[in-house]
Structures are given as C-alpha cells and as structure tokens.
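Trainee: Listed below are the residues making up each chain.
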Amino acid sequence: MNSATGYEIKLDSFEGPLDLLLHLVVQHEMDIYDIPIVHITEQYLFYLEQMEAHNIDVASEFLLMAATLLHIKSKMLLPALHTERDDELEIDPRVELVHRLLEYQRYKDGAQQLDEYPQLERDVFSRPENAEQNLAGGIATTDATGEVGLFELVQALRSVLARVVEPQYHEVYVTDFSVVEAGQRLRALLAGREHLPFNDCFSALPRRLEIVVMFIAVLEFVKLQQCKIVQFNPHGIIYIYPVQTDKNNPEGHGQEI
Amino acid sequence: MNVVKLKSRLEAVLFASDEPLKMERLQAIFEVERDQLRLVLHELTVDYAQDGRGVLLQEIAGGFQLRTRPEYAPWVLKLNRSRRTCFSKAATETLAIIAYRQPVTRAEIEYLRGVESGGVVRMLMEKQLIKVVGKKDAPGKPALYGTAKYFLEYFGLNDLSGLPNLQEFTAPDDVALSLEMDFDN
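Residue numbers (my numbering), protein chains in the order written: chain A, 1 to 257; chain B, 258 to 442.
Hints may be right or wrong, so weigh each one.
The calculated EDC-like cross-link candidates involving lysine to aspartate or glutamate, where the alpha carbons are at most 20 Å apart (straight line), are [what the hints assert, rightly or not]:
{"hint": "1", "chain 1": "B", "residue 1": "Lys-279", "chain 2": "A", "residue 2": "Glu-129"}
{"hint": "2", "chain 1": "A", "residue 1": "Lys-108", "chain 2": "B", "residue 2": "Glu-365"}
{"hint": "3", "chain 1": "A", "residue 1": "Lys-108", "chain 2": "A", "residue 2": "Glu-96"}
From the derived model, a few chain A residues whose C-beta atoms are all more than 12 Å from chain B [unchecked claim]:
{"hint": "4", "residue": "His-39"}
{"hint": "5", "residue": "Leu-70"}
{"hint": "6", "residue": "Glu-181"}
{"hint": "7", "residue": "Leu-189"}
{"hint": "8", "residue": "Leu-196"}
{"hint": "9", "residue": "Ser-203"}
None of these hints come from the bench; they were simulated from the model. In this text, a Cβ means the ideal position worked out from N, Cα and C, and glycines have one as well.
Could you put together the complete structure from these sequences and hints?
Mentor: So this is what it looks like as structure tokens:
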C-alpha cells in the first residue's frame, strides 16, 4: 500500500500526536532536549499528509499538535527581545512540548512494563468464583467485598434483556404488570430463601417491558431496605438477599411500593 | 496445633478459596497466632516456589492466593473456561497513567496522552480496574480516578509499591536550564 512512496509507514500504529512525535524523535535521532523544530515539523506534517493520502481520518488531536508545532516554529523564528539581559530569562518555546514528550515517554515505558506483568486470566489463573462457598459463609462475612457496582448491575440487566428476542411485527398490547405486582412476585420468589441469583428474578418474564418493571421493583426493594444486592467478586454472579422484615407485619404485600 | 497439620489445613483452605485471603480471615479460621501463621505461609510459599510445581502461593492485594504459573497458561487456557483478555495499547497507557498519577482527572489523562480518553476510561471502569476516588476541587468538580482493588488482583500485585519503577524524569527546572544554555550558544 505504501510502496509508492517508498516509505515504510505504519500509519495506524500511533496512539496520538505525542506517540508520533516520539517516534519521529527516535527515528531521526534527534536530541529530545534540543529538538530541531523545523525538521520535526516537516516530518510531522509529512505524516499527516500520508494519513490523508490513505484516506485515514486525521483526528483533531493530530491537527492541534501540528498547529502547536507551527506556533513554536514561528516563535523561534522571531528575534528574541534582549532588552535587559538579566531582567527575565527568555523561555524556550519548546519547553512545554519537551516536558510533555518526556512525561509521555515515561508512562509509555511504564505501560509496556506493566503489560509484561503476568495478568489474571491471561497468564495466570486462580480459582473461579465459587458461589456456593460464598453463600454458605453468608452475607455477614463478606460485607467488605459484597458491594455491587452500578456498572455491574446495569450490565447484568443488559444481559437479561439481551435474552429477549422481540417479535418483529408491531403489536399493541396493554401490559397489566405493575411494579406492585412485580414486587409481589419478587417477594414470593424470595420467600423462604436465603438468596436469589439476579437473573432468576426475571424467569418467566418474556417481555422487555416486564423485565424493566421487575428491575424497578428490585431497586424499590433495595430502597425500602427489604433486600440487598450483593456481588462477591468482580464480574461474579449478583445475588439478591432478602432483609428480615418487621416481624409485626410479615404480610405487608405490595403496599409499601 | 503443630506446624505440619496447620500447613496442610492452610493449603486446603487456600486451594478452596476463590479470592485472596487476608491474614485476619485466616486467623479467624485457624485461631492461631499471627506469627505462627506467617511462618507456615512462608513455608508453603517456599514449597510452591520449587521447580516442578504448577501453582504459586502469592501475596495479592493484601491477601494470599494460589495461582497457576504463567508458563502453564497455554494449557490452562485449553480448559476453555475463559477467554484470554488482552488490553489495547491505549488501555494499558491510560491504566499506567492512572496507576502512577492517582488521583487523576480525565483532563489530566488526556493532556498526558495527547488524545481523548473518555471511552478508554469508561471501559476501565466497567472492568472494575479503576474507580472514582473523589472530586477535584476545581471548576466543574471533575471526577478523580484511581485504581481499584481488582487492579491489584489483575496484575498480581500486593500493593501499589509493586508497580514497575518509572525511569527518573529530569526535573523541569533542569530541562529549562539546559535548553537555556543551548539557546545562548
């Protein structure tokens, strides 16, 4: 593809303008503390042209950097005003860019080293989540780790919704499934149980709307502190634990909602 | 309880656990002195570290956990219980910045990387590798990000001091100074 230009260019392999600039500095063996700004600007713009020639959308960040380079170049072309030498030291317009490049280089190296660390589920493995064991321990022992993140909860809802295949034809129906009813159903499901896997709340609910109503009911229960939503491990199964309700009013069906 | 017995019991518990077990938790299980537990944990670690073993006992996120050795990943992966997950360059870069600079705002990450990073940050949040650790006292109260506990588990670190050392960065003043001198020439 780039044989026509005679340059071996991997256009898409740069993470951003800083990555590209670093590449140019190394490739042309420039001194990073004394970057020849004219040279690097030329090279940089050449790359952008190549990207455009290959119909690659040049991200705005790359254009912003081009403008920055040109700005620095123009500043350096202007004669420095030496009114009184000791008054104020002239600041090299390249300083900020050099800082950013050096900083970026550090994190790039750090990222590379970090990537070489053995990673869980890539290089090393531990025992996968054992739900039964956690449940036997009960909710009390895992207070510290049981918190469910919002992302996880939404993801779980998404995965339940993904199971629903909506019919293609347009159907108008009136749903009679209210949040109150969903609450009653949830209470029935939880009755006598120590815990309930999140997905099981939605069994026998074929419609998307009903699933959403049930989800709202679950959130209502949490708000009313009638149940807790617990997840023992990142990416693990989410459980619903009923909270022991007031002994005086064990039959408080639905009204609370 | 004698050491041999404690050692095998400890091994059984570590084998059965699906998360790193903290000292306190182990103490609660075995009801022995911390020092004794430490000693036996150390012995087990040394045992596993010998050649010819398939697993290692490691200190992860402040707890102890048995993990397979990295060199046996190809076979474990054949168990097909999980997809091999790999991060993009952008994700590792962002993760590194957050790990070293935390707490850090998205704007700071984007300045350091030179590119928009909202999508990557969101992805790392979803994977629970990072979390919001606070709000910066600046206009708009931007969220401050830091690494989450799962980050340590993911990279097999006991704490953040286990991160690779960043090469020393010349102090800003020195850079300015050296540039100044060049300029004068």
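Trainee: A separate judgement is required for each hint: does it hold in the structure or not?
Mentor: Status of each hint after checking the structure:
no., hint, in the structure
1, Lys-279/B <-> Glu-129/A, "holds, 17 Å"
2, Lys-108/A <-> Glu-365/B, "holds, 15 Å"
3, Lys-108/A <-> Glu-96/A, "holds, 18 Å"
4, His-39, "holds, 15 Å"
5, Leu-70, "holds, 16 Å"
6, Glu-181, "holds, 32 Å"
7, Leu-189, "holds, 26 Å"
8, Leu-196, "holds, 20 Å"
9, Ser-203, "holds, 25 Å"
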